[in-house]
Amino acid sequence: MPIEKFTTLVSTCVPLPSENVDTDQIIPARFLKATTREGFGKNLFRDWRYDKTGKPKADFVLNSDRFSGQVLVTGKNFGSGSSREHAAWALKDYGFRVVVSSFFADIFKNNALNNGLLTVQVSESFLAKLFEMVQSDPSTEVMVDLEKQVISIMPWLTQERFDISTYKKNCLLNGYDDIDFLVSIRDKIIEWEKQHTEL
Amino acid sequence: MSKKTIFDKIWDRHIVYDVPDGPGVLYIDRHYIHEVTSPQAFAGIKDRGISVFRPRKTTATADHNVPTVNQHLPIDDELSREQINKLAENCREHNISFYGLDHPCNGIVHVIGPELGITQPGMTLVCGDSHTSTHGAFGSIAFGIGTSEVEMVLASQCILQTRPRKMRISIDGELQKGVTAKDMILYIISQISAGGATGYFVEFAGSAIRSLSMEARMTICNMSIEMGARGGLIAPDEVTFNYLKNRDFSPVGEEWESKVEFWKALPSDPGAEFDKELFFKAEEIDPVITYGTNPGMGTGIRGRIPLLEEIDEASRSSFKKSLDYMGFSPGDLMEGKKVDYVFLGSCTNGRIEDLRSFAALVKGKRKADDVVVWIVPGSKQVEKQAEDEGIGKVIEDAGFEMRQPGCSACLAMNDDKIPEGKYAISTSNRNFEGRQGPGARTMLASPLTAAAAAVTGKVTDPRKFL
Ligand code: SF4
Numbered sequence: 001m002p003i004e005k006f007t008t009l010v011s012t013c014v015p016l017p018s019e020n021v022d023t024d025q026i027i028p029a030r031f032l033k034a035t036t037r038e039g040f041g042k043n044l045f046r047d048w049r050y051d052k053t054g055k056p057k058a059d060f061v062l063n064s065d066r067f068s069g070q071v072l073v074t075g076k077n078f079g080s081g082s083s084r085e086h087a088a089w090a091l092k093d094y095g096f097r098v099v100v101s102s103f104f105a106d107i108f109k110n111n112a113l114n115n116g117l118l119t120v121q122v123s124e125s126f127l128a129k130l131f132e133m134v135q136s137d138p139s140t141e142v143m144v145d146l147e148k149q150v151i152s153i154m155p156w157l158t159q160e161r162f163d164i165s166t167y168k169k170n171c172l173l174n175g176y177d178d179i180d181f182l183v184s185i186r187d188k189i190i191e192w193e194k195q196h197t198e199l
Numbered sequence: 200m201s202k203k204t205i206f207d208k209i210w211d212r213h214i215v216y217d218v219p220d221g222p223g224v225l226y227i228d229r230h231y232i233h234e235v236t237s238p239q240a241f242a243g244i245k246d247r248g249i250s251v252f253r254p255r256k257t258t259a260t261a262d263h264n265v266p267t268v269n270q271h272l273p274i275d276d277e278l279s280r281e282q283i284n285k286l287a288e289n290c291r292e293h294n295i296s297f298y299g300l301d302h303p304c305n306g307i308v309h310v311i312g313p314e315l316g317i318t319q320p321g322m323t324l325v326c327g328d329s330h331t332s333t334h335g336a337f338g339s340i341a342f343g344i345g346t347s348e349v350e351m352v353l354a355s356q357c358i359l360q361t362r363p364r365k366m367r368i369s370i371d372g373e374l375q376k377g378v379t380a381k382d383m384i385l386y387i388i389s390q391i392s393a394g395g396a397t398g399y400f401v402e403f404a405g406s407a408i409r410s411l412s413m414e415a416r417m418t419i420c421n422m423s424i425e426m427g428a429r430g431g432l433i434a435p436d437e438v439t440f441n442y443l444k445n446r447d448f449s450p451v452g453e454e455w456e457s458k459v460e461f462w463k464a465l466p467s468d469p470g471a472e473f474d475k476e477l478f479f480k481a482e483e484i485d486p487v488i489t490y491g492t493n494p495g496m497g498t499g500i501r502g503r504i505p506l507l508e509e510i511d512e513a514s515r516s517s518f519k520k521s522l523d524y525m526g527f528s529p530g531d532l533m534e535g536k537k538v539d540y541v542f543l544g545s546c547t548n549g550r551i552e553d554l555r556s557f558a559a560l561v562k563g564k565r566k567a568d569d570v571v572v573w574i575v576p577g578s579k580q581v582e583k584q585a586e587d588e589g590i591g592k593v594i595e596d597a598g599f600e601m602r603q604p605g606c607s608a609c610l611a612m613n614d615d616k617i618p619e620g621k622y623a624i625s626t627s628n629r630n631f632e633g634r635q636g637p638g639a640r641t642m643l644a645s646p647l648t649a650a651a652a653a654v655t656g657k658v659t660d661p662r663k664f665l
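Heads up: the sequence lines are chains V and F, in that order. Its first residue numbered 1, the first sequence is counted upward by one per residue in my numbering. Its first residue numbered 200, the second sequence is counted upward by one per residue in my numbering.
Keep in mind the hints are simulated off the structure, nothing from the lab. One or more of the hints may lead you astray.
Computed footprint of chain F on chain V; a stretch qualifies when at least three of its residues, placed anywhere within it, have a C-beta under 8 Å from a C-beta of chain F [claimed, not checked]:
| id | stretch |
| --- | --- |
| 1 | 103-109 |
| 2 | 120-131 |
| 3 | 175-183 |
In silico BS3-like links for lysine-lysine, alpha-carbon gap of 30 Å or less [to be verified]:
| id | chain 1 | residue 1 | chain 2 | residue 2 |
| --- | --- | --- | --- | --- |
| 4 | V | K194 | F | K566 |
| 5 | F | K566 | F | K621 |
| 6 | V | K42 | F | K520 |
| 7 | F | K566 | V | K188 |
| 8 | F | K208 | V | K194 |
| 9 | V | K188 | F | K621 |
| 10 | V | K194 | F | K621 |
| 11 | F | K463 | V | K194 |
Glycine included, every Cβ here is placed at the ideal spot set by N, Cα and C.
Could you build the full structure based on these sequences and the hints that come with them?
Listed below in structure tokens is the structure:
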């Protein structure tokens, strides 16, 4: 499906300072049976969020009244483990548009970007600073500017540039997934066909 | 001019666009689809409100989930019936040619594509089935894809791909009598392991490969993905051209002549470079049989299962687990082990030559009493040819019967399941736990070895009968 366009976003943050959060934590295997991409948000971080009886655990950040927003800030090596695309769907479905970390697992990063969830990889020092500010003042906002590839802690206190492949950046700016991208270059494909009639 | 491999020549010509700092856009000449991996892709196209970009470059068949008896009757299984009806409907709606159960050219996708002459040298081909590598036997780049990629091809006739690395496997010399292409590929996989070619696209070369028929070359390329390769291919030559001449979709007249010229320029240039090269000697290969639960766990049929000490320490526990599943012990001799089921068929060994070699061995003998034997031709055309050649009669006289075409016990999606705990000699391509039915124990082998077991009820060296 065409994905939601991403240009700039200003939002408060949800801090989750754990490192090595794997996809089994993001969405446990027992919730993978659905046949569509919707509805996974309610089981995001299921076993951290709820106890065995289904009661919300008060100490987990998604259950806290202090924090909310479309930006998840999390520790190093986020999204490791199983390659399930459902992890990206769950984060997106819950309402996150950006995940900030100092390192992302490769497959997770690809899945996320292909589903309109922007991964912003920052330095350890930037991440530490962001955690500190958000935790001391939950109303702290960040601005993510995809065109310029810059993340800023508002109001312009600290800025950092982040990397993203040109292809994925264009997909996100235009709201394309891989299939939309291919359809968008049909002219190029037709041109190629004209020059290669032998097959 | 720089020296190129056949892979480079085909790949480079098919790159429509190199996405800066991204993957390549690879044009696909032929797309095969079947009932199981295509419905979600068609649904995706519909949701986007777009049409199939090049419907004439897609060909559909029903094979994965079809019954192999009473195909003239409505299908009993509801899910299977629905999948096939859905495919027929999607094909009608999008103008895609569909070889359904009532078509005289229906059959397993990787059998009918070559049979109809749709698969040709120099092409790029994809299908939502991992054994699409079969078509590489014609000197083309062919590989399996996932459902989202099926949708890409329907939408744009292209997919996004990163370039794999290149490996060449050369097998020189002459095969012993009774040793087939299936034994060659099972031997290679047993030598380099089921993950030995991960990340590579493999070219098979050498005098032993050149001397093989097209059917045999397809068996080799079919299983290239069982060593982890993205795909496998063999350069086209006179054998390829003779096979293709006069097939339904083969070019004719002047076009044929110019195609042959084009195909002749495809083979790798002398001195072209590969990222990795391996060499094997044909004489050293015996009939091979697998004893474990991945295709790399194979041994010569007179051989023994390795002892625990012979296995890498890191792999020992999975080796033991695998033998426990099979009910075998380290050091066991394979020959003489009991066989309950024999399956001759699949896109690996369901072609006319495979039926011929099975029939040649069982001719004048009788089926062993306590084995169940499923002989499943790869296509309606194979079925018909077998009848015409009198193979059906030979098989029948020996006490066997032929079923109707389909994937059947290769993946056991239909009713052809090996019961729990039973031993099957199978000419298919995967011996994974439960692949041929929950708890089924699969030993992969050639059609000759399958035939020997069908008349003895045991694992038997087929060379005894030749
Ligand atoms: S026979 Fe087996 S491997 Fe071949 S297409 Fe059918 S399911 Fe796939």
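Verification of the hints:
Coverage of a stretch by a chain is defined here by at least three residues with a beta carbon nearer than 8 Å to that chain's beta carbons; for the stretch 103-109 of chain V and chain F the count is 0, and the condition is violated. Note: the stretch 120-131 of chain V has 0 residues with beta-carbon separation from chain F under 8 Å; the three-residue rule is not met and the coverage is violated. Three residues within the 8 Å Cβ limit are the bar, and the stretch 175-183 of chain V against chain F gives 6, so the coverage statement holds. This hinted pair does not check out: K194(V) and K566(F) have alpha carbons roughly 58 Å apart, beyond 30 Å.
Restraint check: the Cα-Cα separation between K566(F) and K621(F) comes to about 18 Å, which is no more than 30 Å; the hinted pair holds. Between K42(V) and K520(F) the alpha-carbon distance is near 38 Å, which puts this suggested pair outside the 30 Å criterion. Under the criterion of a C-alpha separation no larger than 30 Å, the hint pairing K566(F) with K188(V) is inconsistent with the structure, at around 60 Å. Note on K208(F) and K194(V): the hinted pairing holds, with a Cα-Cα distance of about 19 Å set against a maximum of 30 Å.
The straight-line distance between the Cα atoms of K188(V) and K621(F) is roughly 55 Å, outside the 30 Å bound, and the hint therefore fails. Under the criterion of a C-alpha separation no larger than 30 Å, the hint pairing K194(V) with K621(F) is inconsistent with the structure, at around 56 Å. Between K463(F) and K194(V) the CA atoms are separated by roughly 23 Å; this keeps the pair inside 30 Å, and the hint holds.
Hint check: violations occur at hints 1, 2, 4, 6, 7, 9 and 10; the rest are consistent with the structure.
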